[in-house]
Amino acid sequence: MKRSPANIALRWSGRILVSAILLFVLLPGIVVAVTAFNDRAILAFPPQAWSLRWFWRAFSYSDFGRGFWNGLTVTLWASSIALVIGAAFAIAIHRYNFVLKSLLEGILLSPLIIPHYTIGLGVLILASQAGTGRGFPLVILTHVLLVLPFVMRSTFISLENLDSRLELAASSLGATPGRILLTVTIPLLLPGLLSGWLFAAILSFNEFTATLFVSSQATQTLPVAMYNYVREFADPTLAALSVIYIAVTALLLSFANAFLGLGKILNVDAH
Amino acid sequence: MIKRPFLGWFVSPAGLAALGLTAAMAAVFQFSMRTYIPGSLDVGGFTLQNFAAMLRPLYAFAFWNTILLCFETAAFTLILAFPLAYALVRTRSSAVRSFILIAAVTPLFLGEVVRTYSWMIVLGNNGFLNTLLVKLGLVERPVQMMFTAGGVIAALVHVTMPIMVIMLAAGLSHIDRNCEKAAESLGAGPIRVFLTITLPLSMPGIVAGFSTAFAWTFSAFATPQLIGGGRVSTVSTLIYQLGFSSFNFPFAASLSIIGLALSLAVIALLKQATRPLERLASAT
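Which chain is which? The protein sequence lines are C and Y, in order.
Basically my numbering = 1-based index in the first sequence + 4.
Basically my numbering = 1-based index in the second sequence + 7.
Check each hint, because a few of them may be wrong.
Some chain Y residues close to chain C (C-beta under 10 Å, calculated; not the full set) [as the list claims (entries may be wrong)]:
1) Ala33
2) Ala82
3) Leu85
4) Leu87
5) Ile109
6) Leu117
7) Ser125
8) Thr219
9) Ser226
Chain Y regions said to be covered by chain C (calculated; three or more residues, Cβ under 8 Å) [as the list claims (entries may be wrong)]:
10) 126-133
11) 145-154
Honestly, the hints are just simulated from the structure, not real lab data.
For glycine and all other residues, C-beta sits at the position ideal for the given N, C-alpha and C.
Build the full structure now, drawing on both the sequences and the hints.
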């Protein structure tokens, strides 16, 4: 671009605009981080004295501990079950034609547009009519339905990039379909399967709205426990917990960016 | 020779999941046409009373309010996310790109509760913004920002930003830069290049991002519930209230059905209305 004064002014105003928007994006995180170290129990800004006691309270508050382990249980089960169901189905869609194929695909992708509270309400009504309680299986079932589209999409993208001649080669050398699947197809799909699982796990661990409907006091996950806390107490404990949340997530994403290239995963790299 | 090995094994678990989801949606549909028995979880016979009751001003207003909220949120998100996505795709510095990517994407993985909570501290009467405004002498006493539609929109825009940035950036990164270079070499200034080449070509990303932001806002619950504090009623907060305060599951179900139909209709209309714009993008 030519270096005329008008162009330089344009470039700088663009930079200022982007910085201002980034400030809007980062502001809540910064404010939460400062609040978490506030010594006083009232949510006031700026803090008068500093302390770490809200971090200790976040760790010692039993609902958060239980919510964390409940959430981890639900997440591990739900994302693993969704991985098996979704990956198998993605392979079937990619390779074969069968009856009701597009209907089945449409149904399983629909949680992307159906509000989570509607799905939560439906599962809750179903459970109350069937007379089953609000146990872990119910929460896990709900999460499987919600994360399936993401696992399917991730597997499908890897299948598109898979060189099917490798499978043909194995077949021509006499490998049975089962052996091809286990020794060629699945190993080649592994990165896609892993990133699909990870994405599903993160979404499941953070899912709130549907979980609020289908969980009970005994099965509530961390986001539900946090929601209940914020309705009862107004101290900075949740800010401390949020700081841990933000730090761990940003760290994981920075690793993912450094080693895998987040831009590639999200398909935003410039050509 | 078997043409489709393991077809049954691959499809039947997915079939079961689809059956479960269909049963859940059928349950909502079925409950929406049942009579509510106060004080009981059981439901009475079939009726269309629930749908008639929705015409009452309170509920009609909630629907109108939700759709308005979704439009405003999607529009503001688009305006704020576009420059960010543009900078993300076009910056030459990889450090800047990584920083924007991490800053824009991290909130996506934080969940609605953490993000809503942080906005409560920003918007509260003793919160960050009010303290700042009072200290600067711009206002005498704190401005009410919690429990207002404006506060809810600010937080919702923040919640939908990451997905909008990702979708816009995906669209922008697929634009052929040679089109812009051609315009430039023919003497168009940077603003003209942007308005006549870049913006029309990024239309598919804009339409996809806007519809997604709309659908996400329609599904949002924690944000209108906590920041609206009962004073900003949306379809989602009403459904929760009906379900868990008065156990009126039939009415909650009929609200869900109408809400779903309405959001699908708006998204279909959006697609229809923006089709000429998309055609423009594919023609150039």
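message: Given Ile109(Y) as an interface hint, is its Cβ closer than 10 Å to any Cβ of chain C?
response: Hint on Ile109(Y): holds, closest Cβ of chain C at ~6 Å, below 10 Å.
message: Does the closest beta carbon of chain C sit nearer than 10 Å to the beta carbon of Leu117(Y)?
response: 6 Å, holds
- prompt: Would the stated hint for Ser125(Y) survive a check requiring a Cβ distance to chain C of less than 10 Å?
  reply: At about 4 Å, which falls below the 10 Å cut-off, the nearest Cβ of chain C leaves the hint on Ser125(Y) intact, so it holds.
- request: With chain C as the partner, please determine if Thr219(Y) meets the hint condition of a C-beta pair closer than 10 Å.
  value: Nearest chain C Cβ about 9 Å off; hint holds.
query: Are 3 or more residues of the segment 126-133 of chain Y near chain C, judged by a Cβ distance of less than 8 Å?
result: holds (count 6)
- prompt: Does Leu87(Y) pass the interface check with chain C, least Cβ-Cβ distance below 10 Å?
  reply: 5 Å, holds
field: Hint validity - Ala33(Y) Cβ closer than 10 Å to any chain C Cβ
entry: 8 Å, holds
message: Next item in the hint list is Ala82(Y). Is there a CB on chain C closer than 10 Å to its CB?
response: Constraint on Ala82(Y) not satisfied, violated at 15 Å.
- prompt: Taking 8 Å as the C-beta cutoff, is the stated coverage of the segment 145-154 of chain Y by chain C satisfied by three or more residues?
  reply: Per the Cβ count (0), the hint is violated.
- prompt: Regarding the hint that Leu85(Y) lies at the interface with chain C, is the smallest CB-CB distance below 10 Å?
  reply: Hint on Leu85(Y): violated, closest Cβ of chain C at ~12 Å, above 10 Å.
- request: Using 10 Å as the Cβ threshold, decide whether Ser226(Y) counts as touching chain C.
  value: For Ser226(Y), the interface hint holds, since the closest Cβ of chain C sits about 4 Å away, which is under 10 Å.
Going down the numbered hints, you'll see the structure goes against 2, 3, 11, while the others check out.
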